[in-house]
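**Q** Sequence positions in the sequence shown follow numbering that gives the first Met the number 0 and run 0 to 352.
Bear in mind the hints are in silico, worked out from the structure with no lab data behind them.
Treat the hints with care, as some may be off.
[To be verified] Taking lysine-lysine pairs in the DSSO-like style, the calculated list, with each CA pair at most 27 Å apart, reads:
id, residue 1, residue 2
1, K350, K73
2, K122, K179
3, K122, K73
4, K278, K339
5, K214, K335
6, K235, K278
7, K300, K214
8, K214, K177
9, K73, K300
10, K300, K82
11, K339, K325
12, K4, K325
13, K335, K278
14, K235, K214
15, K177, K235
16, K4, K350
17, K300, K325
18, K82, K122
19, K122, K4
20, K214, K122
21, K335, K325
22, K82, K350
23, K122, K300
24, K300, K177
25, K4, K82
[What the hints assert, rightly or not] Computed beta-carbon distance windows for the label pairs:
id, residue 1, residue 2, range
26, A149, D274, 38 to 44 Å
27, A238, S348, 48 to 54 Å
28, K335, R23, 26 to 32 Å
29, E24, R288, 53 to 59 Å
30, R70, S290, 38 to 44 Å
31, S290, S11, 20 to 26 Å
32, T111, A347, 23 to 29 Å
33, E224, A250, 20 to 26 Å
34, T26, N255, 47 to 53 Å
35, A351, A250, 18 to 24 Å
36, P14, A347, 42 to 48 Å
37, R23, N230, 53 to 59 Å
38, P120, N150, 33 to 39 Å
Glycine included, C-beta positions come from ideal geometry on N, C-alpha and C.
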Amino acid sequence: MYQTKAYSVASSTSPFTAATIPRRETTERDVQIEILFCGICHSDLHTARDEWSSVMPTVYPCVPGHEIIGRVSKVGTAVTQFKAGDLVGVGCMVDSDHVCPACQDHQEQFCTDSTFTYNSPDKHGIAPVTYGGYSESIVVDERFVLRVPANLDLAGVAPLLCAGITTYSPIRRWGDLKGKKVGIVGLGGLGHMGVKFARAFGAQVVVFTTSPDKKEDALRLGAHEVIISTNAEEMKRQAGTFNFILDTIAAEHNINVYINMLGRDGNITLVGAPDTPLKVSAFALLFGRKSLSGSLIGGIKETQEMLDFCAEHNITSDVEVIPIQKINEAYERLVKSDVKYRFSIDMASLKAE
Numbered sequence: 000m001y002q003t004k005a006y007s008v009a010s011s012t013s014p015f016t017a018a019t020i021p022r023r024e025t026t027e028r029d030v031q032i033e034i035l036f037c038g039i040c041h042s043d044l045h046t047a048r049d050e051w052s053s054v055m056p057t058v059y060p061c062v063p064g065h066e067i068i069g070r071v072s073k074v075g076t077a078v079t080q081f082k083a084g085d086l087v088g089v090g091c092m093v094d095s096d097h098v099c100p101a102c103q104d105h106q107e108q109f110c111t112d113s114t115f116t117y118n119s120p121d122k123h124g125i126a127p128v129t130y131g132g133y134s135e136s137i138v139v140d141e142r143f144v145l146r147v148p149a150n151l152d153l154a155g156v157a158p159l160l161c162a163g164i165t166t167y168s169p170i171r172r173w174g175d176l177k178g179k180k181v182g183i184v185g186l187g188g189l190g191h192m193g194v195k196f197a198r199a200f201g202a203q204v205v206v207f208t209t210s211p212d213k214k215e216d217a218l219r220l221g222a223h224e225v226i227i228s229t230n231a232e233e234m235k236r237q238a239g240t241f242n243f244i245l246d247t248i249a250a251e252h253n254i255n256v257y258i259n260m261l262g263r264d265g266n267i268t269l270v271g272a273p274d275t276p277l278k279v280s281a282f283a284l285l286f287g288r289k290s291l292s293g294s295l296i297g298g299i300k301e302t303q304e305m306l307d308f309c310a311e312h313n314i315t316s317d318v319e320v321i322p323i324q325k326i327n328e329a330y331e332r333l334v335k336s337d338v339k340y341r342f343s344i345d346m347a348s349l350k351a352e
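Build out the structure end to end from the sequences listed, making use of the hints.
**A** And the structure:
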């Protein structure tokens with residue numbers, strides 16, 4: 000076991016402060032990683048403030064961070080895929096049972112015994128729970144380490160490990176989107192990635208937003224068209240014309256408005272997670288044989304595929320890079336959606352502590 004610097008919260012109402020946390024020494028299958036950048040996900044905020052207490056109560060002290068980019072500093076004796084000096088990434092998971100049907104199908108995110116990167120029981124017994132990427136280093140089983148393309152901006156790659164795969168997976172799974180009409184509901188951390196991926200797959204991309212001032216940015220990101228969803232006439236003209244819609248909204252909203260945008264056999268997939276259940280009209284689905292589904296990140300194999308796709312198409316997240324010392328300010332801005340479109344922490348700033 001060794002100690003490493005980190006930023007943690009001591010309770011749901013505490014600010015982040017500098018701390019020291021334990022990490023395990025590398026076992027034969029482990030990779031030790033010096034963390035270079037770590038993205039800030041809304042899940043980090045929910046966990047730090049124990050806002051998911053009914054489902055996943057937070058164990059304190061809590062060190063969030065599951066959008067990790069770093070450089071390998073040490074490998075175990077049985078590691079074959081990585082060597083010291085490699086650029087690598089770690090996403091939302093650091094382990095699973097490796098034997099269940101989900102794992103055998105490269106869908107580790109659905110393993111009932113998966114270990115999340117933070118706030119998950121630590122199978123190695125080093126700490127009560129796992130600690131995430133707001134730290135100098137991390138040790139991860141090589142099977143959950145991803146190879147990061149060297150041609151991409153590393154700060155912008157970090158959010159791909161959650162926001163990227165969350166949007167890539169359902170868009171990729173839907174099939175050949177070339178020339179198809181694809182809608183992206185919302186233009187935030189998830190939505191802006193959805194626009195980039197849908198455009199790269201050759202779709203006709205349309206952004207739905209309630210904010211007219213986001214039109215210019217949506218077009219810059221790759222949208223062909225922007226619809227102001229509060230404009231009833233504009234929505235009526237587009238009804239029944241979409242093949243696929245990705246809904247990234249995490250707040251309560253009228254999902255039926257977007258179901259009505261779908262054509263026959265169209266699908267709308269939820270990647271946002273509203274706190275309250277959405278009311279769905281059965282008739283909106285029945286007439287047109289439409290479908291409603293959800294999607295949760297992706298497995299390790301698919302996440303690597305996503306990173307390789309991003310390298311080929313020069314796709315990264317739009318980020319604002321901050322030092323770790325501004326983490327509390329960043330969280331308050333995140334609540335207000337005051338960022339375009341993700342925060343990425345330069346972890347070199349932690350060395351100053």
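**Q** Next, verify each hint and record whether it holds.
**A** So, going through the hints one by one against the coordinates:
As the CA atoms of K350 and K73 are separated by approximately 19 Å, the hinted pair is consistent with the 27 Å bound. A distance of roughly 45 Å separates the Cα atoms of K122 and K179; the hinted pair therefore is violated under the 27 Å criterion. With a C-alpha separation of about 21 Å, the suggested pair K122 and K73 falls inside the 27 Å cut-off, and the hint holds. For the hint pairing K278 with K339, the CA-to-CA distance comes to about 30 Å; that exceeds 27 Å, so the pair is violated.
Restraint check for K214 and K335: satisfied, since their Cα atoms lie roughly 19 Å apart, inside the 27 Å limit. For the hint pairing K235 with K278, the CA-to-CA distance comes to about 20 Å; that is within 27 Å, so the pair holds. About 35 Å separates the Cα atoms of K300 and K214, which puts this hinted pair outside 27 Å; it is violated. For a cut-off of 27 Å, the pair hint linking K214 to K177 stands: about 23 Å separates their Cα positions.
Only pairs whose Cα atoms come within 27 Å are accepted, and K73 paired with K300 is accepted, the gap being roughly 23 Å. Taken as a hint, the K300 and K82 pair is honoured in the structure, with Cα atoms around 19 Å apart against an allowance of 27 Å. Between K339 and K325 the CA atoms are separated by roughly 16 Å; this keeps the pair inside 27 Å, and the hint holds. Using a Cα cut-off of 27 Å, the hinted pair K4 and K325 holds, with the two alpha carbons roughly 16 Å apart.
Straight-line distance between C-alpha atoms of K335 and K278 comes to about 26 Å, which keeps the hinted pair within the 27 Å bound. Pair hint K235 plus K214 holds up; C-alpha atoms about 19 Å apart against a cutoff of 27 Å. For the suggested pair K177 and K235, the alpha carbons sit about 25 Å apart, so the restraint of at most 27 Å is met. Between K4 and K350 the CA atoms are separated by roughly 8 Å; this keeps the pair inside 27 Å, and the hint holds.
Only pairs whose Cα atoms come within 27 Å are accepted, and K300 paired with K325 is rejected, the gap being roughly 34 Å. For the suggested pair K82 and K122, the alpha carbons sit about 24 Å apart, so the restraint of at most 27 Å is met. Distance check on the hinted pair: K122 and K4 sit about 21 Å apart at the alpha-carbon level, within 27 Å; holds. The suggested pairing of K214 with K122 is violated, with an alpha-carbon distance near 47 Å, which exceeds 27 Å.
Using a Cα cut-off of 27 Å, the hinted pair K335 and K325 holds, with the two alpha carbons roughly 16 Å apart. Of the supplied pair hints, the one linking K82 and K350 holds, its CA atoms being roughly 24 Å apart against a limit of 27 Å. Pair hint K122 plus K300 holds up; C-alpha atoms about 23 Å apart against a cutoff of 27 Å. A C-alpha spacing of about 23 Å is found between K300 and K177, which places the hinted pair at or below 27 Å, so the restraint holds.
At most 27 Å may separate the alpha-carbon atoms for a hinted pair to count; K4 and K82 meet this at roughly 23 Å. Checking the proposed 38 to 44 Å range against A149 and D274 shows it holds: the Cβ atoms sit about 40 Å from each other. Between A238 and S348, the C-beta spacing of about 49 Å keeps the proposed range 48 to 54 Å intact. The supplied range of 26 to 32 Å is broken by K335 and R23, whose beta-carbon atoms lie about 38 Å from each other.
Our hint of 53 to 59 Å for E24 and R288 holds, since their Cβ atoms are close to 56 Å apart. A hinted range of 38 to 44 Å for the beta carbons of R70 and S290 is consistent with their spacing of about 43 Å. The hint said 20 to 26 Å for the Cβ distance between S290 and S11, and at roughly 38 Å that hint is violated. In this structure the supplied range 23 to 29 Å is violated for T111 paired with A347, their Cβ-Cβ distance being about 38 Å.
For E224 paired with A250, a C-beta distance near 23 Å keeps the hint of 20 to 26 Å intact. Distance hint check: the CB atoms of T26 and N255 are about 51 Å apart, consistent with the given range 47 to 53 Å. Between A351 and A250 the Cβ separation comes to about 37 Å, which falls outside the hinted range of 18 to 24 Å. Checked against the hint of 42 to 48 Å, the C-beta distance between P14 and A347 comes to roughly 22 Å, which is inconsistent with it.
In this structure, R23 and N230 meet the distance hint of 53 to 59 Å, their C-beta atoms being roughly 55 Å apart. Checked against the given bound of 33 to 39 Å, the beta carbons of P120 and N150, roughly 37 Å apart, stay inside it.
Figure legend: structure checked against the earlier numbered hints; hints not met, in rising order: 2, 4, 7, 17, 20, 28, 31, 32, 35 and 36.
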